[in-house]
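These protein sequence lines map, in sequence, to chains C and D.
Throughout the first sequence, residue numbering follows the numbering used here, covering 13 to 311 in sequence.
Throughout the second sequence, residue numbering follows the numbering used here, covering 6 to 596 in sequence.
If you are wondering where the hints come from, they were derived from the structure by calculation, not from laboratory data.
We put the CB at the ideal spot given by N, CA and C, even for glycine.
Just to be clear, a hint being listed does not mean it is correct.
Said to hold, decoys possible - In silico lysine-lysine, BS3-like type, Cα no more than 27 Å apart, as pairs: (1) D:K242 x D:K380; (2) C:K304 x D:K407; (3) D:K407 x C:K30; (4) D:K407 x C:K32; (5) D:K449 x C:K32; (6) C:K304 x D:K506; (7) C:K52 x C:K204; (8) C:K304 x D:K380; (9) D:K449 x C:K30.
Unchecked claim - These stretches of chain C come out as covered by chain D in the derived footprint (C-beta under 8 Å, 3 or more residues): (10) 32–38; (11) 59–70; (12) 151–162; (13) 274–286.
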Amino acid sequence: MATINIAPPKPMVMADLKGKVDPDWCPGCGDYGVLAAVQKALVELQIPNHTVATVSGIGCSSNFPGFINTYGMHTLHGRSLPVASGLKLGNHDLTVLVTGGDGDGFGIGCGHFVHAMRRNINLTYLVLDNQIYGLTTGQTSPTSRIGMKTKSNPYGNGDTPVNPITLALSAGATFVARGFSGDQKHLTELIKAAIQHKGFSFLDIFSPCVTYNHDNTFQWFRPRVKRLEDDANYDSTNWVRAMEKATIWGEEIPIGKFYETTEVPSLEETEPVLEGGAMISRPLHIAPDVAKRFVEELM
Amino acid sequence: MSETFTIGIGGAAGQGVATPGDILALLFSRRGLHLNAYNAYQSIIRGGHTFLTIRTGVDPVENMGDDLDCLIPLNQDTMDRHLRLLTDGGACIYNADSIKPGEAAAGVQLCPIPVSTLADITRNKVAQNTLALGAALSMMGVGFAALESIMAAQFGRKGEAVVKENVDIARSGYDYASQHFKPFARPLPMTDNKYAVLSGNTALAMGGAAAGVKFYCAYPMSPSTGVLHWMAGHGRKAGIMVRQVEDEIGVINMAIGAAHAGVRSMCATSGGGFALMSEGLGLSAMAEIPVVVIDCMRAGPSTGVPTKTEQGDLWQMLGAAFGDYPRVIAAPVDIGDCFTLMAEIFNVTDKFQVPGLVLADLLLSEGRLSVDPAKLDFKPHIDRGEMITSNGQPHGEYLRYKITESGVSPRAIPGVEGFTHVVSSDEHDENGVLISDEYTNHAKRRAMMEKRMRKVAGIEAMVPKPKLEGPADADVTLIGWGSTDGTIREARAQLAQQGIKANQLQIRWLAPLHGDEIVRLLKGAKKTIIVENNFSGQFARYLRSETSYVADGHIRKYDGEPFMPHHITEAVREQLAGSTTLSVPAHEVMV
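Using the sequences and the hints given, assemble the complete structure.
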């Protein structure tokens with residue numbers, strides 16, 4: 013028997029979650045606020061950092077794992093969700109956070125996004141949505157508004173933007189929310205709720221790009237965002253209501269938890285193979301009687 | 006050459022070729038006989054033409070052979086295509102009501118069965134198959150009881166009545182043949198041995214399970230799908246997490262994620278799916294996360310010929326993902342080796358934290374072979390390499406990519422206290438910090454590149470060198486790789502009968518290649534010929550690029566069908582006669 017250390021560990025503080033290097037985001041970037049909110053949420057929930065893995069794709073916001081002291085994976089552009097899904101299924105005792113941008117998640121990685129939600133693996137997916145490609149110096153993204161002028165669409169974008177909230181709701185996500193980097197306290201609460209949700213939690217976060225997106229700035233968002241939590245009558249278990257709210261965009265933009273259901277079990281809860289504990293904890297060799305039966309089937 | 010007996014059964018897809026094939030395979034193996042089965046089929050669920058060849062004998066049967074001893078055509082088309090494969094002493098058993106025989110070779114016995122008078126064909130649609138099966142076994146000198154017990158197991162689920170109906174039909178065929186047809190010259194032998202019969206896909210899956218795979222994922226793609234089917238059917242009992250994923254890009258990345266958690270992780274696909282996995286292999290190499298990918302090759306390019314074989318993916322493997330990185334590529338030489346190789350390649354990939362690629366092909370994946378069950382070892386040696394799985398010892402700053410002489414850095418798995426770090430697809434420093442943007446540093450980049458590439462020497466020392474098989478003073482040396490092993494060996498035996506001494510160099514580990522050893526082995530060769538199942542001589546070009554060695558001749562085939570021994574034998578003879586240096590044997594039968 014391995015000895016289990018039951019002495020209460022030293023409480024984790026913000027400094028424990030500081031990465032090996034400081035973020036290299038532009039001064040004023042919305043991503044700073046999201047990083048701080050994630051660190052704050054982990055501290056408030058007291059989830060030991062060595063049991064947390066942060067997995068990202070590629071892009072400005074995907075440099076996130078380097079700036080937080082957890083286990084981290086900086087993967088390929090658009091592939092954070094399959095990598096994170098494999099990691100979680102290999103060791104579901106880990107708390108797995110997935111971070112990335114709108115191009116990474118809704119452009120090149122959109123196929124994985126839809127299927128990850130269908131699987132309802134217990135992952136928390138944070139999209140730092142700035143409606144632009146930043147690291148490649150300012151091209152149209154899947155959430156750029158119609159008419160937005162960028163280096164790749166100098167005469168204005170003609171493609172209808174993706175609505176991440178309705179997309180997530182229709183793909184079967186069991187927790188769908190929207191946050192704003194400019195509303196730290198609210199965002200921290202949303203991240204905590206997303207982590208605590210059993211199943212796939214999706215959080216689209218307005219994280220303005222101060223360099224390349226001059227349309228959707230902090231100043232643009234601030235008067236528009238309205239917290240769903242401020243409406244006492246809003247019922248986040250009502251999927252149809254969530255769909256209706258998710259289509260509101262303009263002078264008013266709802267933020268907060270659109271939808272959560274606890275009625276759909278997560279993959280970890282329904283997958284019989286996991287009844288024996290995390291895959292990483294299993295013996296390497298197959299039990300001799302089972303192996304014997306496998307061979308006998310062939311004779 | 007050892008004595009074998011070959012049966013061919015053919016018809017349209019959906020006519021029921023598989024069931025008599027399964028029954029015969031089981032019957033032969035239970036009789037203590039070896040067997041090899043190859044099914045030539047098409048990408049169609051109903052119709053077309055499918056032709057199963059089962060060859061059996063007392064000694065290991067390594068390929069489908071050149072001709073048939075017994076043909077069971079289930080339709081006219083099969084009769085027309087395959088009758089020519091019967092040789093003197095052979096027999097063709099067919100439905101006299103619906104099939105007309107063609108011109109058979111001298112000494113071939115035509116055995117028409119009056120199907121509608123022997124069975125109620127309105128009740129039993131596959132009566133002709135069962136009658137022919139009974140007749141064939143009678144002519145082979147096999148006691149009826151053996152067939153009866155297999156049929157009882159085969160149809161048992163459908164109830165007593167179905168078993169009885171089928172057994173009765175088989176018995177009428179059996180009795181009819183014993184009264185009307187001449188038995189084969191030699192009755193089917195029998196031994197006390199017991200063999201397992203399995204496909205290459207089953208062997209690859211079981212080999213992975215035996216090697217300690219805990220995570221398997223795939224997207225269906227012929228001819229690799231059998232690996233997924235075995236895993237899906239056995240994963241719960243074996244304790245393996247099995248997932249069907251949205252596409253092969255998702256597959257490779259999910260496999261890498263699971264591997265990073267610390268479990269052995271594997272996936273299988275064919276050429277097109279492998280193309281999609283390419284970028285992921287780069288991630289595996291750069292982040293130093295070991296993962297094993299099986300490519301069951303089919304004829305390409307593009308969608309290619311989904312149900313036909315080829316050895317055409319070697320250069321795709323060699324060039325998969327951009328940039329330089331260490332990779333391991335191995336090609337199993339037969340179906341039994343599909344099992345054995347898995348534990349070996351996992352030990353290499355784990356030890357060196359690199360991607361491992363298994364290059365199988367349709368011939369292996371979907372072929373079936375008898376294997377001594379003792380060779381299906383579920384307790385193989387497992388070496389996981391340098392892994393940190395607990396925080397036992399006090400330590401200084403953990404460097405995930407510590408620069409070492411071997412190029413290997415101890416790998417801490419997520420969840421261990423005190424070892425948090427970032428693994429990355431961007432170039433990084435020893436501590437995992439990205440040096441791709443703000444901290445770009447050419448000296449560090451060079452050091453990391455050299456660290457990773459130093460693994461190649463270690464891998465080369467770990468994987469066994471190829472060996473020359475056959476007489477040292479051979480007239481000709483045949484060089485092959487992967488699945489052609491058994492066919493080349495039989496061609497050598499045929500050549501020996503014709504007074505030509507041939508030896509063989511079969512390559513199993515393709516990368517690293519052991520080029521110096523290959524050149525050393527080939528130094529004294531009188532004539533060297535490279536045999537491969539592709540158009541451009543992919544291995545020949547690879548060997549030349551790695552060693553400057555140029556073979557004297559080439560035998561290539563790229564029509565979708567595997568080599569038969571006589572293809573190689575005849576090509577060697579024409580090359581020894583000096584008439585050509587490139588032979589492309591024609592597949593004489595339309596399958």
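Status of each hint after checking the structure:
no.: 1; hint: D:K242 x D:K380; verdict: holds, 21 Å
no.: 2; hint: C:K304 x D:K407; verdict: violated, 42 Å
no.: 3; hint: D:K407 x C:K30; verdict: holds, 22 Å
no.: 4; hint: D:K407 x C:K32; verdict: holds, 16 Å
no.: 5; hint: D:K449 x C:K32; verdict: holds, 17 Å
no.: 6; hint: C:K304 x D:K506; verdict: violated, 43 Å
no.: 7; hint: C:K52 x C:K204; verdict: holds, 9 Å
no.: 8; hint: C:K304 x D:K380; verdict: holds, 12 Å
no.: 9; hint: D:K449 x C:K30; verdict: holds, 24 Å
no.: 10; hint: 32–38; verdict: holds (count 3)
no.: 11; hint: 59–70; verdict: holds (count 7)
no.: 12; hint: 151–162; verdict: violated (count 0)
no.: 13; hint: 274–286; verdict: holds (count 4)
Going through the hint list in order, the structure does not satisfy hints 2, 6 and 12.
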